[in-house]
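Undergrad: We have chain A; now place chain B onto it with these hints.
There are 2 protein chains.
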Amino acid sequence: MTVAKKWIYARAFSGLPTAEDFRLEEETLEQIQDGEFLAEAIFSSVDPYMRIYMAQYPVGSVMIGGQIAKVLESKNPNFPVGSYIHGNFGWRTHTVCNPDKTEPHWVPYVLPDFGKEPLSLGLGVLGMPGSTAYFGFLEICKPVPGETVVVSGAAGAVGSIVGQIAKIKGCRVIGLAGSDKKCEWLKTIGFDQAINYKTADIASELKLAAPKGVDCYFDNVGGLITEIVRGQMNSFGRISVCGTISCYNAEKAKVTDPQRDYVWKQLRQEGFINWRWNDRRLEMIEQNLRWIREGKLVYQETVTEGFENMPAAFIGMLSGENTGKAIVKI
Amino acid sequence: MTVAKKWIYARAFSGLPTAEDFRLEEETLEQIQDGEFLAEAIFSSVDPYMRIYMAQYPVGSVMIGGQIAKVLESKNPNFPVGSYIHGNFGWRTHTVCNPDKTEPHWVPYVLPDFGKEPLSLGLGVLGMPGSTAYFGFLEICKPVPGETVVVSGAAGAVGSIVGQIAKIKGCRVIGLAGSDKKCEWLKTIGFDQAINYKTADIASELKLAAPKGVDCYFDNVGGLITEIVRGQMNSFGRISVCGTISCYNAEKAKVTDPQRDYVWKQLRQEGFINWRWNDRRLEMIEQNLRWIREGKLVYQETVTEGFENMPAAFIGMLSGENTGKAIVKI
Chain A
0 MTVAKKWIYA
10 RAFSGLPTAE
20 DFRLEEETLE
30 QIQDGEFLAE
40 AIFSSVDPYM
50 RIYMAQYPVG
60 SVMIGGQIAK
70 VLESKNPNFP
80 VGSYIHGNFG
90 WRTHTVCNPD
100 KTEPHWVPYV
110 LPDFGKEPLS
120 LGLGVLGMPG
130 STAYFGFLEI
140 CKPVPGETVV
150 VSGAAGAVGS
160 IVGQIAKIKG
170 CRVIGLAGSD
180 KKCEWLKTIG
190 FDQAINYKTA
200 DIASELKLAA
210 PKGVDCYFDN
220 VGGLITEIVR
230 GQMNSFGRIS
240 VCGTISCYNA
250 EKAKVTDPQR
260 DYVWKQLRQE
270 GFINWRWNDR
280 RLEMIEQNLR
290 WIREGKLVYQ
300 ETVTEGFENM
310 PAAFIGMLSG
320 ENTGKAIVKI
Chain B
0 MTVAKKWIYA
10 RAFSGLPTAE
20 DFRLEEETLE
30 QIQDGEFLAE
40 AIFSSVDPYM
50 RIYMAQYPVG
60 SVMIGGQIAK
70 VLESKNPNFP
80 VGSYIHGNFG
90 WRTHTVCNPD
100 KTEPHWVPYV
110 LPDFGKEPLS
120 LGLGVLGMPG
130 STAYFGFLEI
140 CKPVPGETVV
150 VSGAAGAVGS
160 IVGQIAKIKG
170 CRVIGLAGSD
180 KKCEWLKTIG
190 FDQAINYKTA
200 DIASELKLAA
210 PKGVDCYFDN
220 VGGLITEIVR
230 GQMNSFGRIS
240 VCGTISCYNA
250 EKAKVTDPQR
260 DYVWKQLRQE
270 GFINWRWNDR
280 RLEMIEQNLR
290 WIREGKLVYQ
300 ETVTEGFENM
310 PAAFIGMLSG
320 ENTGKAIVKI
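Read top to bottom, the protein sequences are chains A and B.
Mapping of the first sequence onto numbering that gives the first Met the number 0: position 222 corresponds to residue 221, and the numbering continues sequentially without gaps.
Mapping of the second sequence onto numbering that gives the first Met the number 0: position 93 corresponds to residue 92, and the numbering continues sequentially without gaps.
Calculated directly from the structure, the hints in this document are not laboratory data.
A few of these clues could be false.
Claimed, not checked - To give an idea of the interface, some chain A residues facing chain B are shown, with a C-beta separation under 10 Å as derived from the structure:
#1 F21
#2 Q66
#3 V157
#4 L207
#5 S234
#6 V240
All C-beta atoms, glycine included, are put in the ideal place defined by N, C-alpha and C.
Bound-form chain A, shown alone (with noise of 0.2 Å):
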């Protein structure tokens, strides 16, 4: 009989956690069944995503994230006793795991062979966060060699592997960190520059440190910092968010960052202006007129009469008076 210890969450959280949310209790576990297995951990992960994510879950739960651990007993051949895993077991020394009832994208894996490094690795450049960093940045802000990138939260997790990623693709990287150690660390690791948001007038160091504009900002922190950056974003700029640190913490009124309904949706949205598509524009004459010759389209033109009268219409137009096309007849 194994007995395991897990974390409960005793209490909602509100502001930053304190040491009464959280309750020690133990478990006694059941001979594991086939297909499952015992694991125990070695290492568990604590990430900023488990501040807002345990919202979600009643209070008596115990808390989430994961773990590296080593199979003990397996009456599954894919977790063989004796193999290192990776699981989303929460904070649990002890865990009986059946794979194929677990939700898909928390499903256990056994880690490849990660040679002399060590294999808490799994948990950081490895696992969630580096996977986290490599495809959120690479595959959302499409980095090009001499653009220069931002990177909120540089000295955490995620961030600091950003951080080289984007240095290692080429570009100019500039970290903004909650400490002077912090980003003395950044610059140790190959950052061009880092900013301490704390201390430092964010904008004005930004306009310094980043001459000629942003090209993508990887956004771990929403909130005033994301502001600022994207003022100084250039055209065609990519902004992959991450999290909204910033607002994990803070009361009702903050954590509405509008940045965290793209995080939880996964919503992409890009800005426009039409000219983009100059080079297209036949096509698109033509596709619209085969509609409108179809009856598919239709079109409405709200026509003011003489050259003199263009102010009005103008006016009438900002004023809503007009449906569909706004035009002067001159």
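TA: Same frame as chain A, now just chain B:
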């Protein structure tokens, strides 16, 4: 000698423009030179963008804008006498133009044959609003049949086309417009639902109209409406930010609507959850391991010892005490 009439931006806009912001002037045009042509306006466009673009021009400038014009004289073989053209000549009755000296995205062009359709469509469904709707919706939202599409400013030149294209593409379409009359019209041209944002409880009406949530949002307005629609979007939703007209006439505080940056700078933003790339995990591990071994990627861990210290590690991480990845050694 040709005398052109032109409308001058006589006073900087503040709030909704008024007649006093404009002044009508006359200008005697020079004889055309090699490469130039003289054109006479037939239809002129008034568009929302003019309200905010004029802020870039000094008072005393000619109002900007597109027009359909007829070439009266020409020393440019690409613009023969008698041809009908689109030119961004501003609010002018007559214009001498050298296409080679025009800003690239504002170069005039001879209209293709519209058949029986009126020339004025070159300012609407077959012109700038047409391409704005056609490309801005199809290229950025990439609608899928069966999806739910919301269009704000739906009864305008662009929005009314977007909604119809969305119907052609097999989507369910909901329009937001500013009067019952406009909403009625939207239904006659195929919109499944139309909401009068001036009188309706937008959030609850939208929930009724889009019971499966919103997949694509074509945003002409920004501000509060955008916040409401975004709150009802589904995972992997796409937002095409075309304009922020709800803020164009507002006081300074509201003019800083964040959507505006996305339009003007054509920014792209995407939020994500890392498990999107779970099936490519091995690619990340192999690449990050290679970079670690090559010395290009370093990692730092902040290790807390002991399962009993997990809450302390978690709270410390949220307080910014960690550098790099925060883990707990069990």
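Undergrad: Give a verdict on every hint.
TA: Evaluated hints:
Nearest Cβ of chain B to the Cβ of F21 of chain A: about 4 Å, under the 10 Å cut. The hint holds. Evaluation of the Q66 of chain A hint against chain B yields a held restraint, the C-beta minimum of about 8 Å falling below 10 Å. Hint on V157 of chain A holds. Least Cβ distance to chain B is approximately 9 Å, under the 10 Å limit. Violation of the interface hint for L207 of chain A is found here, the shortest Cβ-Cβ separation to chain B being roughly 21 Å, above the 10 Å cut-off.
The beta carbon of S234 of chain A comes within 5 Å of a beta carbon in chain B, closer than 10 Å, and the hint placing it at the interface holds. The criterion of a C-beta within 10 Å of any C-beta in chain B is met by V240 of chain A, whose closest approach is roughly 4 Å, and the hint holds.
Hint 4 from the earlier list is the only one contradicted by this structure; the remaining hints agree with it.
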